[in-house]
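Let chain A serve as the given structure and place chains B, C and D on it in line with the hints.
Protein chains: 4
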Amino acid sequence: MASRPWLEQYDQSIADDFLAANDLQVGLSHLLGIQLEHFEPGELRASLEVTPDLLTPIGNLHGGTIAALVDHVLGCVLYPHMARKQWAATTEFKLNYLNPVTEGRLVAVARIVNMTRRTAVVQIEVSNGDRLAAVAQGTCMIVDPKPKSEA
Amino acid sequence: MASRPWLEQYDQSIADDFLAANDLQVGLSHLLGIQLEHFEPGELRASLEVTPDLLTPIGNLHGGTIAALVDHVLGCVLYPHMARKQWAATTEFKLNYLNPVTEGRLVAVARIVNMTRRTAVVQIEVSNGDRLAAVAQGTCMIVDPKPKSEA
Amino acid sequence: MASRPWLEQYDQSIADDFLAANDLQVGLSHLLGIQLEHFEPGELRASLEVTPDLLTPIGNLHGGTIAALVDHVLGCVLYPHMARKQWAATTEFKLNYLNPVTEGRLVAVARIVNMTRRTAVVQIEVSNGDRLAAVAQGTCMIVDPKPKSEA
Amino acid sequence: MASRPWLEQYDQSIADDFLAANDLQVGLSHLLGIQLEHFEPGELRASLEVTPDLLTPIGNLHGGTIAALVDHVLGCVLYPHMARKQWAATTEFKLNYLNPVTEGRLVAVARIVNMTRRTAVVQIEVSNGDRLAAVAQGTCMIVDPKPKSEA
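Protein chains in written order, with numbering that gives the first Met the number 0: chain A, 0 to 150; chain B, 0 to 150; chain C, 0 to 150; chain D, 0 to 150.
These aren't lab readings, by the way, just hints derived from the structure by calculation. Hints are supplied without guarantee of correctness; some may be wrong.
A partial selection of chain B residues facing chain A, derived with a Cβ cut-off under 7 angstroms [unchecked claim]: (1) V49; (2) T50; (3) H71; (4) T89; (5) E91; (6) V108.
Beta carbons are placed, not taken as given, at the ideal position from N, Cα and C, and that holds for glycine.
Chain A extracted, bound-state conformation (with noise of 0.2 angstroms):
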């Protein structure tokens, strides 16, 4: 197992006030149903409920709310590791499709990988019930509050 320093430096309290926003969250993720259920050192699980407004004609849930599961926890999953005032900027992910989704609830569980004071790569597990819909994998910049002018 690779050593992961960045574990050591979480701050529960961060994780307590996503978790507390849930119900405010504004935006795509508002729109999504997108909800953040658990946080722990290096990794957090979120999900949505798979409902017929996300269907396409054909009956699937289109790949487009996927991405933006995996898109929203990538950059979620830093908070607790990084200042109050830091913001993280998702700069690239990538993601498979691996098998279909119809209902139920679209679980994600993002995992660090890999975080330096600037930059963290995230692997993201995305399921339905037991087969596993996605996986991907992506990088955030961690951002100082005052974004210089090349941000």
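Just chains B, C and D now, with coordinates in the frame of chain A:
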């Protein structure tokens, strides 16, 4: 310039059907307000308006919206090059976010890079005014009407 | 844990043939000194020695060596799960470099995330001592002995 | 067309130094016979000869060679746009293989899609004769001469 044999198989009537169905869109593409704008052989342009509903608390467009738009055009660009009974299943994509988006329209242009009878690779540029917001690259499987058991 | 039906189709004699052929390797895997070390259902471990020949002028292992190792194990892990006549064609992968490598051995572990009769998704961890050097994720097509014209 | 401010910062003398050093290449680029051919603002063309040494037992070029060429040009294209003391560290890339390669030359063209003072996104097309062999997209960090502890 590489040869592009798939350009010779293009059915404008399928493209026209997609354009005519803009107002009938359901699911995620309706939630996000995605409008298909223009098809030509090997290419599709689509867009959505950056509404306040899609912004994060810090005022940027949620990356998940961009990812969902990418996922949507990645499949749609292929239909006029396929038989009417087939469908395009996105198997994977990767995107890089380049500049934050706060207002205006988000315009995606999808171009087919390679296409066989069973698979296609597509690149997508997403712009916002005169700036690139994201670039992406992904794969679709082209599936016959009666999906096989392993699909 | 998601169900993994492909684990039940595993032919150790194919794995043994790959291991026995380590000294007969040709082409890129020979140039780079890749050694296949251990197969088990759904998993393959392989490694190479970081020789001075593979370093860049600033003394780091060239990322291309890591990418080549990733590409190699991405396909090889599948063979014991396939029929003897088939072959695995990598269609895409993505990797994130996590830490620079300067000496020692580079060890890759490939794990099958999903596998059907025609396609497989694999994740790879590349480590160097107790540090991760890279993580990767990619797709193979499983091709029958007589490739179709569109292959 | 998106604005490309980085094109105005281009030092042809750095490009010339890279071209002059083709015969002095060490490490992986020497093993693979990579030749840098032409630099212009935002773009680099490089190639290698598909020798029998690089083929797999079934006669195709090993995908790892293509991946290594992609990794190499992804960083090199940036140097004429950077200060002489800086170096480009590839952080991630993704590639799609499009057509098998068996002989001839492999030609990669890398184009800068976005570049700031600290990071750059590059797209690469790899062709073989009149066919595309692969397309790729990746990110580099631009690192100052004295790397920080977290680098």
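Taking the hints in turn, this is what the structure says about them:
{"no.": "1", "hint": "V49", "in the structure": "11 angstroms, violated"}
{"no.": "2", "hint": "T50", "in the structure": "10 angstroms, violated"}
{"no.": "3", "hint": "H71", "in the structure": "6 angstroms, holds"}
{"no.": "4", "hint": "T89", "in the structure": "5 angstroms, holds"}
{"no.": "5", "hint": "E91", "in the structure": "4 angstroms, holds"}
{"no.": "6", "hint": "V108", "in the structure": "17 angstroms, violated"}
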